[in-house]
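Asks: The lines below spell out each chain.
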Amino acid sequence: AADVKPAALIIAQGGLGDGSWNDTANAGFQAGLTATGITGKAIESKDVVAQGEEIMRRAADGGFGLVASLEWIHGEPMEKLAADYPDVNWVIMNQTRKGDNVASVVFAEHQGSFLAGALAAQVTVDTSIKGINEQAVIGVIGGVKAPGIDKFIVGYIQGAKAINPDIEVKVAYSESFGDPAKGEQLAKAMFNEGADIVYQVAGGTGIGIIEAAKAEGKFAIGVDTDQDSMAPGNVLTSMVKRVDVATESIIRDYADGKFPGGKVLQFGLDVKGVALSDMNHTKDIIPETYLARVDALKADIISGKIEVWDVSASGYPDFFK
Amino acid sequence: MSATIVQPRGSVEIRIGANRIFKSYGSVQANRNVSISVGPRQIHAVVGENGAGKSTLMRALQGLETVDGGEVIVDDLPVRFSGPQQAISEGIGMVHQEFMLAPELTLLENLVLGDEPTRPSFGFLQTVDWDVALGEARQIGERAGISIDWHRSTSTAPVHIQQYVEIFRLLRRGSDVLILDEPTAVLAPQQVEQLFGLLRQLRENGASIIFISHKLQEVEALADHVTIMRKGETVASASVDEMNTSQMTRYIMGENAKAAQQTRGEPGRPKDTGAPLAKITGLNAHTANAQQPLYNISMDVSCGEIVGIAGVAGNGQEELIECLVGLRKAQSGSISINNAELYNAENASFRAHGQGYVSPDRAHEGLAKSATIEANVMAGSQREPAFLRGPMLDRTAFRKEARARLDRLDVQYGTLNDPVSSLSGGNQQKLVFARETARHPKLLVVSQPTRGVDLNGIATIHSYLLSHRETGGSVVLASEELDELMFLCDRILVMSMGRFVGEVSRAEFSPQKIGELMLADPLPQKAANG
Amino acid sequence: MVDGGSENVVAIDARPPRWTLAAENAMRFSLPVLLAFLAGAVLLLAIGENPVAIYQLMLSEGFGSERRIAATLSASTPLLFTAVATAVCFRSGVFNVGVDGAFVLGGLGAAVIGYALPVALGWTIAPLAIGSAMLIAAFWLWVPGVLLAKLEVDEVVSTLMLNFVALGISGFLVNSVFLSETSGNNTTETIHEVAELSRLLPPSTLHSGFLLGLLCVLGYAFWTQRTPQGFEAALVGFNNRFARSVGISVPGTIILVMIISGLVSGAGGAAHALGQVHKFSDGFSAGYGFTGMAIALLARNSAIGILLGAILFGALASAGTTVQLFSDIPLDIVNVIEGTVMIFAVVELGRLTLWRGTGQ
Amino acid sequence: MSDMIDQVLASTLILTTPILLAAIGGLVNRQGGIVNIALEAKMLAGAFVSVVVSSATGSWFLAVVAAALFASLVGLVFSLTITRARANMIISGLGFNVLVAGLLGFLLSRIYGTSGTLRFPDVQLLPRILPESVSTIPIFGEALAALDPLTAFAWLSVGALPFLLANTRIGLRLRAAGNAAQVVRAVGLREKTIQDFGTVFAGFFSGLAGAHLALYSIGLFNEGLTAGRGFIALAAFYFARNQPVQTAMACLLFGLLDATQIRLQTAGYPPKLMGTLPYVMVIVSLCIASWSQKKKAHT
Ligand SMILES: Nc1ncnc2c1ncn2[C@@H]1O[C@H](COP(=O)(O)OP(=O)(O)OP(=O)(O)O)[C@@H](O)[C@H]1O
Ligand SMILES: Nc1ncnc2c1ncn2[C@@H]1O[C@H](COP(=O)(O)OP(=O)(O)OP(=O)(O)O)[C@@H](O)[C@H]1O
Ligand SMILES: [Mg+2]
Ligand SMILES: [Mg+2]
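Residue numbers (the numbering used here), protein chains in the order written: chain A, 1 to 321; chain B, 1 to 530; chain C, 1 to 360; chain D, 1 to 299.
For the record, the hints were derived by calculation from the structure and aren't laboratory data.
It should be emphasised that the depicted structure is a prediction, and the values quoted were computed from it without experimental measurement.
Watch out, some of these pointers could steer you wrong.
No farther apart than 25 Å at their CA atoms in a straight line, the calculated lysine-lysine pairs in the DSS-like style are these [to be verified]:
#1 K231/B <-> K279/B
#2 K296/D <-> K150/C
#3 K305/A <-> K161/A
#4 K283/A <-> K214/A
#5 K215/B <-> K231/B
#6 K283/A <-> K272/A
#7 K150/C <-> K294/D
#8 K295/D <-> K150/C
#9 K400/B <-> K294/D
#10 K98/A <-> K5/A
#11 K98/A <-> K80/A
#12 K295/D <-> K329/B
#13 K170/A <-> K5/A
#14 K369/B <-> K231/B
#15 K150/C <-> K329/B
#16 K98/A <-> K161/A
#17 K80/A <-> K283/A
#18 K283/A <-> K263/A
#19 K369/B <-> K294/D
Stretch by stretch, here's where chain C covers chain D in the computed footprint (C-beta under 8 Å, at least three residues) [stated by the list, open to error]:
#20 81-87
#21 93-101
#22 104-113
#23 162-174
#24 223-237
#25 271-279
Here a beta-carbon is modelled for each residue, glycine too, at the ideal position from N, C-alpha and C.
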């Protein structure tokens with residue numbers, strides 16, 4: 001694949017080091033480059049919102065054969081650029097954009113989160129598990145209040161309610177993706193209010209949430225990558241989102257001349273684009289039946305029997321304003 | 001009172017001196033081949049016009065300035081100071097023209113700052129020993145015959161007290177060389193006498209004192225020796241017995257000496273318009289940051305007269321002037337100019353009704369020091385129709401007028417774009433007059449017009465004020481120079497503790513009479529006002 | 001409120017300064033920049049890169065072709081506004097550091113009007129949006145202006161704090177009332193196409209907001225040199241006691257410059273929303289207000305300096321990003337250079353007195 | 001219910017510490033005449049060093065000391081730009097915030113090959129001073145159990161600071177330098193050096209603040225770790241007009257706001273607006289202070 005033109009990946013707001021979206025995508029991107037032997041660059045910008053179009057155009061002008069952007073707001077200009085540069089392959093995330101040379105990658109975070117919620121709702125009333133109280137209360141902490149985050153949260157709530165319509169799901173935002181100290185205190189407060197399982201959707205802040213679970217003997221749910229081993233036994237599960245798999249496979253396809261132009265790549269439960277972790281440290285304490293229930297729900301989602309609300313596609317549902 | 005305050009240092013000929021000092025700032029030769037020598041037990045006056053180089057020399061003696069050539073002499077030997085610390089350790093201390101006290105600290109804190117007595121606390125910490133400090137402070141004050149409330153915040157202490165604290169600070173640190181740069185400029189006559197008493201006492205104890213002043217009577221009264229500087233050079237140095245004030249004046253002024261005394265016509269008949277030009281009735285002001293509140297101030301100013309405001313500094317003159325020009329708000333009363341009521345109006349309204357104002361604080365209020373000469377002389381005129389074309393400034397007309405104004409008062413300047421700080425003090429003050437009189441104001445409010453101005457400058461300013469009066473203009477003149485007031489005014493109103501305590505007409509002018517009024521206690525018994 | 005001090009003696013005068021002065025100004029402008037690039041070079045050397053080659057690359061990424069120049073000018077557009085908005089205040093001794101917040105709120109206002117008004121209004125939407133943005137931002141800065149003028153509330157603190165408040169408010173609004181239904185992010189709807197500012201050199205994103213920015217710089221130059229208000233503001237900046245005593249209303253001037261600053265910031269936010277982003281979104285301002293501040297200081301409030309400074313920082317932003325495509329230079333280098341320029345811009349190198357200052 | 005109060009108190013205490021440490025530094029600096037906008041940069045530098053040193057030496061104490069010293073050094077450089085090179089302190093401070101973040105990012109990517117977060121093995125965290133059993137004490141139990149050396153140090157400093165400022169040589173000189181620098185020079189002291197001391201002191205305390213953020217419980221470095229706390233600290237001592245005890249109270253208030261944020265959010269207050277509260281409070285308090293001062297002046 002030596003004659004393949006280089007690839008560029010534009011990092012979204014928050015930059016590299018967010019411990020989540022950008023970092024995982026970049027990991028897959030780099031893995032793809034290594035595997036295929038093509039060259040590529042990850043580009044950060046201080047002004048990624050306004051300069052997106054110029055950066056992408058420069059990459060196209062500069063001889064890059066594939067330009068992928070992780071920034072949501074680049075979707076619109078990319079559609080135009082794709083028309084201007086038909087020979088360049090374009091990749092956008094979390095939205096669907098037109099163009100034969102545009103691949104849209106969509107993750108079903110809401111589906112994975114639904115399963116996390118369903119598992120948590122079952123566990124939270126099972127006092128036979130150490131650290132669990134009888135109250136039907138669980139929590140979730142988001143990094144900032146934004147549709148991209150609320151997509152997780154709404155799925156999680158919906159999953160919990162599917163198990164127990166009366167469950168209380170506490171929601172809070174840390175207003176930062178890199179403030180573990182605050183995450184820890186927020187999580188402690190939630191535990192203190194009766195929640196025994198807290199789902200973290202807050203990047204670097206989540207490290208503090210997991211720490212809090214460990215310190216209090218409660219449970220956290222990890223996100224993006226398999227975070228179960230960060231506090232073995234105190235991370236109930238992780239909602240793994242294979243952004244890395246997505247970027248890596250696109251690079252591979254591109255290197256092989258099979259770029260999925262014009263396609264929408266759905267990374268849902270069906271293809272394990274999102275999934276709960278293997279729960280290596282907790283599967284022994286979670287009763288089989290709970291996991292079976294989760295598996296059943298997963299099958300229903302895949303088959304379309306259950307539809308999980310997608311905030312990024314449909315806006316906010318009535319039960320979450 | 002017999003205890004010594006300073007410890008004399010052996011017997012030397014020259015306690016402090018300078019030998020062929022050269023110092024220039026860019027193209028300005030501030031000191032050229034300057035020499036001076038001051039022995040122990042000597043009060044040595046240094047006099048000279050503004051910009052003659054006095055302060056520069058003093059800064060060199062204090063180690064605050066690195067010289068280009070020549071040497072400082074301490075105890076007969078040449079030294080090279082690397083900074084003021086070294087000078088201080090040699091017993092050389094300076095009281096600067098501007099006060100060097102931190103306003104938010106107490107007087108005691110200011111006294112010990114830089115050389116605090118300490119004691120161990122908690123076994124590991126050295127802390128300031130305030131008891132020792134207070135003891136020393138009381139002692140030093142007692143010896144000088146001044147009692148001071150040492151725990152008082154400096155910003156609220158009277159000016160003369162602040163000055164004493166500065167001198168005491170030097171004495172406390174063992175300075176027996178005191179450099180005092182124009183110490184009397186802010187003092188009332190009695191306070192000057194008190195200060196001189198202290199200085200004489202210090203001389204008896206062996207101190208060497210360098211004393212800068214523009215007032216030659218003070219030099220005669222106090223100093224043993226005088227050195228005269230002109231244009232950066234020492235032009236004469238002699239025992240005060242050997243030189244009278246007119247000789248000093250000649251050295252100071254050089255060839256340009258004008259007849260310092262001018263003749264002054266009788267008061268022109270006030271232009272008789274029936275109503276006075278300016279009328280102030282029942283003015284009361286007591287804002288918290290005023291030194292002295294004003295009580296029931298009433299006065300009239302007619303056309304063609306100069307009305308003087310006299311008083312010991314800090315008795316409300318400053319506040320009255322500020323109320324008169326719209327820079328301070330009063331609580332009640334009335335101020336009218338030309339029948340227009342201007343009570344608590346902004347300065348702009350006063351100006352619109354024909355008023356000009358010469359501020360006593362040239363450096364901070366009269367001028368914008370780092371702005372250009374043009375900006376300074378034209379400030380306030382930027383909205384006059386003559387300099388506008390539509391909404392725009394007419395730069396050509398603006399600059400033309402600037403030149404005309406400067407020429408009218410014979411201001412010496414380089415170019416209009418130079419910063420006003422490049423002018424000498426006298427020329428700066430003339431520039432202020434040029435600006436304030438440009439619109440032919442009917443009423444000029446003038447405060448301390450010749451403070452820190454040299455003799456030539458004083459002459460120009462005085463003759464301007466007189467000619468203003470001749471042409472029917474009025475002046476309200478506040479000054480701490482009694483001579484100046486008596487020379488210029490048609491009548492003098494005297495203030496004490498925020499009240500008018502008397503009016504003296506020209507025929508009755510005498511320093512005794514005015515001085516008595518200045519010290520009058522307007523209250524039957526000491527009223528509680530604090 | 002601080003007096004302008006001794007820094008800019010000739011601010012009043014419009015005439016070409018004598019050549020020494022011109023040379024001095026050029027020095028004052030270029031020295032910090034050179035030093036910052038030197039600091040960057042040290043870092044580059046430390047990681048084994050050739051600074052000359054990298055800087056050459058940056059130069060060509062910044063100005064190497066018509067497209068790159070256009071990209072640079074596009075990146076400098078918001079900076080023109082924020083630098084002018086800052087300089088207007090600094091020049092009067094008002095240390096307004098709140099331009100960023102005003103820019104953001106103006107941008108939000110313009111974006112909302114840009115999509116919410118009926119499209120039938122056609123070309124009138126853009127001026128309406130710009131006008132409203134200017135009003136919003138002017139009101140925003142009027143508040144600390146009044147607080148300073150009437151209550152002497154330290155404007156550095158109040159405006160610094162207001163930036164955080166503006167971010168909070170805009171963040172809240174774009175996540176609630178003005179949130180686009182179809183967005184996967186905190187953004188408003190995209191503005192109507194008729195409301196967009198036209199592009200000057202397609203396909204570059206350089207838009208007519210740049211011309212508006214130039215107009216602001218020109219207007220600023222005119223205001224400072226040719227109007228009574230500009231003259232008064234300078235005097236207030238030199239010495240506000242003096243200004244007051246020659247009949248200038250100091251509170252009035254403070255409020256005036258804050259309002260002007262707000263108007264310009266708002267216009268900048270509007271231009272950015274209508275010309276560049278076409279909506280309002282999280283991350284709308286990449287700290288433009290703070291970069292504008294550095295530019296104003298570097299330029300010592302002169303109009304020509306502001307123009308040059310904005311282009312310089314625009315080039316740094318655009319070239320600093322695209323240079324990553326063709327080398328292994330991390331963006332952090334750009335941060336280091338920017339931080340260093342900011343520091344050196346305010347350092348008085350000519351008067352650097354190390355251990356013992358004689359002081360004046 | 002009482003359980004909740006326990007927890008809120010403990011959270012408040014812990015969230016207050018870094019703000020308080022930075023604010024103590026900032027207020028001393030400000031009393032010496034320098035407004036320190038670069039607290040954030042120094043906290044970040046301190047946090048970074050504390051993690052590196054704690055991992056390398058296995059000693060929290062050495063880590064804390066190293067963080068404080070390194071941040072002092074950054075403070076010194078910052079101070080020199082202001083006192084010697086006469087840089088405008090606000091801009092220089094903002095510049096340092098940008099510069100230090102850039103340099104750390106650079107270090108992270110070039111030396112440690114990571115970005116954003118730096119994890120190290122065997123980071124020793126701050127110990128708890130009191131035995132676990134104190135947590136059974138009603139109301140204050142949780143807070144006491146959470147008490148770490150830096151938190152204790154911060155509060156001791158608050159107690160000692162008024163005395164030190166009033167009665168030590170350097171305290172007096174610092175206040176004088178902040179009030180009238182030329183006076184300090186005239187009495188033969190080096191006012192710049194005194195001011196440098198103030199900034200180094202601020203650096204020292206900000207370094208401790210950073211160490212607390214990194215080592216209280218998470219044991220890693222993250223670029224966003226300080227999350228604007230340097231500015232909150234600034235808000236605190238402005239709010240309290242440089243008075244140590246009042247500053248500490250302001251910090252507690254901001255800590256409490258943070259600690260109760262979850263409850264407030266659940267009660268329906270939008271988090272973004274809630275976050276602006278400290279800043280709004282500062283503006284309002286400055287207004288009230290000025291207004292009452294004005295009123296006093298006119299009566
Ligand atoms: N720091 C300085 N920079 C530039 N020029 C200076 C400086 N200090 C003094 N000068 C100039 O040096 C000359 C001598 O000034 P100096 O202050 O010594 O005069 P002076 O005799 O003390 O005057 P005055 O009676 O007004 O105090 C003046 O022309 C003055 O403008
Ligand atoms: N030795 C002192 N130390 C501190 N404060 C003093 C001292 N003497 C007087 N004061 C204060 O100064 C104020 C005016 O005092 P006093 O009437 O003695 O001064 P004055 O000489 O009449 O006034 P002026 O300040 O105008 O010369 C009073 O409030 C008094 O408390
Ligand atoms: Mg439960
Ligand atoms: Mg002098």
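Asks: Now, for every hint given, state plainly whether the structure supports it.
Replies: Do the hints match the structure? See the list:
no.: 1; hint: K231/B <-> K279/B; in the structure: violated, 45 Å
no.: 2; hint: K296/D <-> K150/C; in the structure: holds, 15 Å
no.: 3; hint: K305/A <-> K161/A; in the structure: holds, 16 Å
no.: 4; hint: K283/A <-> K214/A; in the structure: holds, 17 Å
no.: 5; hint: K215/B <-> K231/B; in the structure: holds, 18 Å
no.: 6; hint: K283/A <-> K272/A; in the structure: holds, 19 Å
no.: 7; hint: K150/C <-> K294/D; in the structure: holds, 10 Å
no.: 8; hint: K295/D <-> K150/C; in the structure: holds, 12 Å
no.: 9; hint: K400/B <-> K294/D; in the structure: violated, 43 Å
no.: 10; hint: K98/A <-> K5/A; in the structure: holds, 23 Å
no.: 11; hint: K98/A <-> K80/A; in the structure: holds, 9 Å
no.: 12; hint: K295/D <-> K329/B; in the structure: holds, 13 Å
no.: 13; hint: K170/A <-> K5/A; in the structure: violated, 49 Å
no.: 14; hint: K369/B <-> K231/B; in the structure: holds, 22 Å
no.: 15; hint: K150/C <-> K329/B; in the structure: holds, 14 Å
no.: 16; hint: K98/A <-> K161/A; in the structure: violated, 36 Å
no.: 17; hint: K80/A <-> K283/A; in the structure: violated, 48 Å
no.: 18; hint: K283/A <-> K263/A; in the structure: violated, 37 Å
no.: 19; hint: K369/B <-> K294/D; in the structure: violated, 29 Å
no.: 20; hint: 81-87; in the structure: holds (count 5)
no.: 21; hint: 93-101; in the structure: holds (count 8)
no.: 22; hint: 104-113; in the structure: holds (count 4)
no.: 23; hint: 162-174; in the structure: violated (count 0)
no.: 24; hint: 223-237; in the structure: holds (count 4)
no.: 25; hint: 271-279; in the structure: holds (count 5)
Hints 1, 9, 13, 16, 17, 18, 19, 23 from the earlier list are contradicted by this structure; the remaining hints agree with it.
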